[in-house]
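The chain contents come next:
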Amino acid sequence: MIKVENLNKNFRVHKKEPGFWGSAKSLVKRNYITKNALQNLDLEIAEGEIIGLIGANGAGKTTLTKILSGIIHPSSGNVSVMGFNPWERHNEYRRQMAVIMGQKAQLWWDLPAMDGFLLLKEIYQIPHRDFYDSIEYLAECLQIKEQLTIQVRRLSLGERMKVEFMAALLHKPKVVFLDEPTIGLDLSAQKAVRQFIKDYRKEYNPTMILTSHYMDDIEELCPRICILREGKKVYDGELSKLHQEYAKNKIIMAHTKNGEDLSSISTHFPGELGQLRVFNNKVMVDSPRDKTMEAAKFLLNNCELMDLTIQEEEVGNIIEKIMQSESPV
Amino acid sequence: MRNWSWHVFLMELRTLIAYRSDFWVNFIGQTFFSILIAYFLWKSIFTSNQVEVMQGFTIQGMVFYYLMAPLIFRIQQGKGIGFISREIYDGNLNKYLLYPINVFRYKIMVYLAHSSFFLVQLFIILFLYQSFFYNTHIYQFSFVNILYFISIVLMACLTFFYLFSSVEFMAFWHDNIWSLGVILRFFTSFLGGALIPLKFFPEWAQTLVSFTPFPYLIDFPMQALLGNLSFYDFIQKIGITLLWLLAFRFLAIFVWNRGKFVYTGVGI
Numbered sequence: 001m002i003k004v005e006n007l008n009k010n011f012r013v014h015k016k017e018p019g020f021w022g023s024a025k026s027l028v029k030r031n032y033i034t035k036n037a038l039q040n041l042d043l044e045i046a047e048g049e050i051i052g053l054i055g056a057n058g059a060g061k062t063t064l065t066k067i068l069s070g071i072i073h074p075s076s077g078n079v080s081v082m083g084f085n086p087w088e089r090h091n092e093y094r095r096q097m098a099v100i101m102g103q104k105a106q107l108w109w110d111l112p113a114m115d116g117f118l119l120l121k122e123i124y125q126i127p128h129r130d131f132y133d134s135i136e137y138l139a140e141c142l143q144i145k146e147q148l149t150i151q152v153r154r155l156s157l158g159e160r161m162k163v164e165f166m167a168a169l170l171h172k173p174k175v176v177f178l179d180e181p182t183i184g185l186d187l188s189a190q191k192a193v194r195q196f197i198k199d200y201r202k203e204y205n206p207t208m209i210l211t212s213h214y215m216d217d218i219e220e221l222c223p224r225i226c227i228l229r230e231g232k233k234v235y236d237g238e239l240s241k242l243h244q245e246y247a248k249n250k251i252i253m254a255h256t257k258n259g260e261d262l263s264s265i266s267t268h269f270p271g272e273l274g275q276l277r278v279f280n281n282k283v284m285v286d287s288p289r290d291k292t293m294e295a296a297k298f299l300l301n302n303c304e305l306m307d308l309t310i311q312e313e314e315v316g317n318i319i320e321k322i323m324q325s326e327s328p329v
Numbered sequence: 330m331r332n333w334s335w336h337v338f339l340m341e342l343r344t345l346i347a348y349r350s351d352f353w354v355n356f357i358g359q360t361f362f363s364i365l366i367a368y369f370l371w372k373s374i375f376t377s378n379q380v381e382v383m384q385g386f387t388i389q390g391m392v393f394y395y396l397m398a399p400l401i402f403r404i405q406q407g408k409g410i411g412f413i414s415r416e417i418y419d420g421n422l423n424k425y426l427l428y429p430i431n432v433f434r435y436k437i438m439v440y441l442a443h444s445s446f447f448l449v450q451l452f453i454i455l456f457l458y459q460s461f462f463y464n465t466h467i468y469q470f471s472f473v474n475i476l477y478f479i480s481i482v483l484m485a486c487l488t489f490f491y492l493f494s495s496v497e498f499m500a501f502w503h504d505n506i507w508s509l510g511v512i513l514r515f516f517t518s519f520l521g522g523a524l525i526p527l528k529f530f531p532e533w534a535q536t537l538v539s540f541t542p543f544p545y546l547i548d549f550p551m552q553a554l555l556g557n558l559s560f561y562d563f564i565q566k567i568g569i570t571l572l573w574l575l576a577f578r579f580l581a582i583f584v585w586n587r588g589k590f591v592y593t594g595v596g597i
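Top to bottom, those sequences are chains E and S. Once you know that position 173 of the first sequence is 173 in the numbering used here, the rest is easy, because the numbers rise by one and skip nothing. Once you know that position 22 of the second sequence is 351 in the numbering used here, the rest is easy, because the numbers rise by one and skip nothing.
Keep in mind the hints are simulated off the structure, nothing from the lab. Errors might be hidden in some of the hints.
[Said to hold, decoys possible] Calculated lysine-lysine pairs in the DSSO-like style (CA-CA distance at most 30 Å, straight line):
#: 1; chain 1: E; residue 1: K3; chain 2: S; residue 2: K372
#: 2; chain 1: E; residue 1: K282; chain 2: E; residue 2: K297
#: 3; chain 1: E; residue 1: K35; chain 2: S; residue 2: K589
#: 4; chain 1: E; residue 1: K3; chain 2: S; residue 2: K589
Could you put the whole structure together from the sequences, leaning on the hints where they help?
Now the structure itself:
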């Protein structure tokens, strides 16, 4: 469905020294630097798949989304989405895809959302019956029926995001690019958006690329992730395998009875079972995966515990480590 | 075949009238002030020169000219400076690139919606003028003249759209081109006759200006409205306007095709 081969995108950026003098100098002479937003990127996404695109700010996620949707031109490389070269902007291609941008309103600000939908009906040539069926379905799922006749600029951020979703999905696109769809939303609105995406996928099964900085979005929606760092792909695989492949340790947390002397356990804890830390009545062990059970047994045998839990390292931490590591993983 | 262009046109009109106070301030305020300034300025010029007619204009004729010329200029300007460059600058152009439509056509419809809105304003003001000042014989209503006027204005609008677009697309390279827009607007209004009637220019300047597109944007529609054009003049001048339109269309498409390669779609 989506195939990216050896994709590169370079931007020529004006570099200005800070302060007034820097601004004055740039009026006469400008220095430019070339920024490699994407470097030799390869990516394949199957029909109906959803993939989470992760990376720090400036990693190239949005640039990739813009290239795949045909907004900008790549410097080199091949891109094919549903057999189309996005950059050629075939109407046939644009009728089958959609982009939802959390940071950019696409609907007409001064008019009610419904007016915008009616224009989109004409733009996408949606048959009358299909259009009203889609409105009914989407408004029901997003619980936004009442707000469709209110000026877009008067809606709350959460409501606005919902009508943006409606606008983007009215024509039932086969490929959807979601660029930070939950940014700035409160927790319940984030949850509602995620639930909607799940329901929509069950109903229509579009291919989706989701860019988000919120790990809840990624963990709930994307079985597969692709991590970008400085324009390069550093991980592409199943989210569930991240722990097996990159989390070498597990975390053991235990609570002891108040007042128990934990100084002896600190001294006698074998170093090969992991790193032990003690805070008041709390014991924490960062233990290698193959030694976790042994470490837990040691604690059970040598302390009077109230509880004990074994936790995987948080996905967000693992991803952060991958994003920060020096070499590709 | 459904026609989205018509919907764009109607939607832009709805946006224009969505804000009631802005509508009335725009409609009454601008017209009222421009006529007031013109009257007192030219009254003092006529008085200090101790003449009743200057270059064929009486004071009433001059006031009528200054009532209509800014309105014609406003029709040409459509949505005004920044109608594309601002969207290139802040990345709002992205949404139009995603729709299965021709961006030029979309923008033309938005532009024409604004122009039509101002055209209606012009006719309302013309009707009011005719009703209150019919005995001054400055303006004589004629269907033929109105027909000439509308066709010329439409063609001039498209010419100005493409001319202005070529400048607006400079934002692909230079981000903020507001000043360039202001300069073009000034040249259009000055050399088109919106600031001073072209008859007041020296002979050599009038000849020079006639080789530019500007008189065809304001002075020419004005002459049509006043009934100063014969059928031959009309055909000749509309032919020249058409040539300017095609030249600027070619230029705008050329610049657009170059510009879209350097577009970075900032803002998402």
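Going through the earlier hints one by one, which of them does the structure break, listed in rising order?
-> 1
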